Amino acid sequence: MIFIKFMGGLLIVLSTTLMGFYYGKKYSSRLNNLIYMEQCIKILETEIVYGAVPLPEALVNVYNKGNKKVSFVFKEIKDHLLANRGGDVLDSFSYVINSLKEKLNFKKEDIEMLISLGRVLGSSDREDQEKNFKFVLSQIAILEGEAKMERDKNEKMFKNLGILTGLTIVIILI
Amino acid sequence: MDDKEVRIFDNVLEYTCLELNQVLKNISSEYKKEIEEIRLRSGMPLIVYIKGSDYFVTQRGFLTKNSSESILVKREDITKTFQLISNYSVYAFEEEIKNGFITLKGGHRVGIGGKVLYGINGIETIKNISSLNIRIAREKLGVSDEIAKHMIDFPRAIHNTLIISPPQCGKTTLLRDLIRNLSDGVSLLGGEGFKIGVIDERSELAGMYNGAPQHNIGLRTDVLDGCNKRDGTRMLLRAMSPEIIAMDEIGSISDVESIHESLKAGVKIIATVHGSTLEDLLSRNSLKILINEKIFKRYVFLDNSKGVGTVKDIIEGNYFKSIMR
Numbered sequence: 008m009i010f011i012k013f014m015g016g017l018l019i020v021l022s023t024t025l026m027g028f029y030y031g032k033k034y035s036s037r038l039n040n041l042i043y044m045e046q047c048i049k050i051l052e053t054e055i056v057y058g059a060v061p062l063p064e065a066l067v068n069v070y071n072k073g074n075k076k077v078s079f080v081f082k083e084i085k086d087h088l089l090a091n092r093g094g095d096v097l098d099s100f101s102y103v104i105n106s107l108k109e110k111l112n113f114k115k116e117d118i119e120m121l122i123s124l125g126r127v128l129g130s131s132d133r134e135d136q137e138k139n140f141k142f143v144l145s146q147i148a149i150l151e152g153e154a155k156m157e158r159d160k161n162e163k164m165f166k167n168l169g170i171l172t173g174l175t176i177v178i179i180l181i
Numbered sequence: 499m500d501d502k503e504v505r506i507f508d509n510v511l512e513y514t515c516l517e518l519n520q521v522l523k524n525i526s527s528e529y530k531k532e533i534e535e536i537r538l539r540s541g542m543p544l545i546v547y548i549k550g551s552d553y554f555v556t557q558r559g560f561l562t563k564n565s566s567e568s569i570l571v572k573r574e575d576i577t578k579t580f581q582l583i584s585n586y587s588v589y590a591f592e593e594e595i596k597n598g599f600i601t602l603k604g605g606h607r608v609g610i611g612g613k614v615l616y617g618i619n620g621i622e623t624i625k626n627i628s629s630l631n632i633r634i635a636r637e638k639l640g641v642s643d644e645i646a647k648h649m650i651d652f653p654r655a656i657h658n659t660l661i662i663s664p665p666q667c668g669k670t671t672l673l674r675d676l677i678r679n680l681s682d683g684v685s686l687l688g689g690e691g692f693k694i695g696v697i698d699e700r701s702e703l704a705g706m707y708n709g710a711p712q713h714n715i716g717l718r719t720d721v722l723d724g725c726n727k728r729d730g731t732r733m734l735l736r737a738m739s740p741e742i743i744a745m746d747e748i749g750s751i752s753d754v755e756s757i758h759e760s761l762k763a764g765v766k767i768i769a770t771v772h773g774s775t776l777e778d779l780l781s782r783n784s785l786k787i788l789i790n791e792k793i794f795k796r797y798v799f800l801d802n803s804k805g806v807g808t809v810k811d812i813i814e815g816n817y818f819k820s821i822m823r
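Protein sequence lines correspond, in order, to chains L and G.
Taking my numbering, I'd label the letters of the first sequence as residues 8 to 181.
Taking my numbering, I'd label the letters of the second sequence as residues 499 to 823.
These are computed hints drawn from the structure, not numbers from a lab.
Incorrect hints may appear among the rest.
What the hints assert, rightly or not - Here are the simulated distance ranges between beta carbons:
| no. | chain 1 | residue 1 | chain 2 | residue 2 | range |
| --- | --- | --- | --- | --- | --- |
| 1 | G | G598 | L | R92 | 37 to 47 Å |
| 2 | L | E134 | G | K638 | 35 to 45 Å |
| 3 | G | E755 | L | I42 | 54 to 64 Å |
| 4 | L | D135 | G | E534 | 33 to 43 Å |
Remember, it's a predicted structure, so these values are computed and weren't measured experimentally.
For each residue, glycine too, the CB sits at the ideal point set by N, CA and C.
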């Protein structure tokens, strides 16, 4: 009997701990993805401002050079852009919002930052593009700072919360 | 052959936005192979040019002379088409846009009209694009075969030649084919060709796209794309050792200088100019100099009396006598 109680308790603690880890992970994954995204945007900047590579090609290059965990977004954008014949670049950026939210754990402001890039991408000369990239990169740096703070604050908390909730339930049940 | 012409047109249509593409692709093949220009003007009917006259295009792709039956080109159509033409990358075509046109794959050119913005260094960009002119480039291989015979100067040289024609009469096409002919080698000279330097100021002769000529311009031809004639002549003379320099649309005093410079280096010139008669040219200061110095030994006059690119006359440059037949 005690053995069964022990096993049941263990299961409860294990699952709540996992839940805690899962929620906590979201925060660190957002931060990591933001950092990868920053790298990708920097690659895109080089392609456009220094290489003057046409956009579809530049997007593929970002996909190839960047970390695939994040850079797949740019390939999705390019595919949508070419399929959408003559549609706005912005439409194609909006098209990947769901991927950003679900696969990269991006928050609303992260997505807005990326959309603001899509609004101007390719529509002006190099000088202007460079200014916009500077702006977006400064934005993403701020977002990274926020994400880091949130991670430090919340990740540990969710992990502890998970274990403690499990233990509390077990104690009550006993 | 006909098939190829239709295919060229269909390739150009790839650059138009979906709405216009749907309409234009329904035009019958008979007309497709003749169309020279597609004109998009914001809020105005869709127009195509065939053999010097214009036709409106209806929703179902029929050509008509009645403007009220035509579909209207919307502002978005122009914006979307422009995005396709510039490959969503205005920054990659900065220089081209400053010059007022973009060259497409296949050597076709798109003229741009809109609000021109000036900066410190002249034109900065064109905004609010309101009209696009898609000019379909058609190579006519072999149109210069006859003329090439008149240009050969034995034992192994050519005469300096000026091609004169009103707009849309095939000047550039003729010059391009001459370049190809002379570069590949002319049978009269035992198949030997010349080293030709092309100064392609308006990217029309070679139609460079991504560093590759889109037209057949011969196997001994070097191209300076988008280069002005003065810089181009110097660059070519310095290290490319051309035997012939070809240039399109001469007219300014600096063009005359660069022609003089090439002649000093013993290089022959082939050039084109807008105009219709010799008197017409004499009324222009820069060309007057060239004609009075008897620099050009052959003047080829074109018009479209028997279709685009009819050779009206070939005049010899010392005594100004016709040598056609």
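Going through the hints against the structure:
Between G598/G and R92/L the C-beta distance comes to about 25 Å, which lies outside the given range of 37 to 47 Å. Between E134/L and K638/G the CB atoms are about 41 Å apart, so this pair conforms to the stated range of 35 to 45 Å. Checking the proposed 54 to 64 Å range against E755/G and I42/L shows it holds: the Cβ atoms sit about 58 Å from each other. D135/L and E534/G have their C-beta atoms about 35 Å apart, which keeps the hinted 33 to 43 Å range intact.
The structure shown violates just one earlier hint, number 1.
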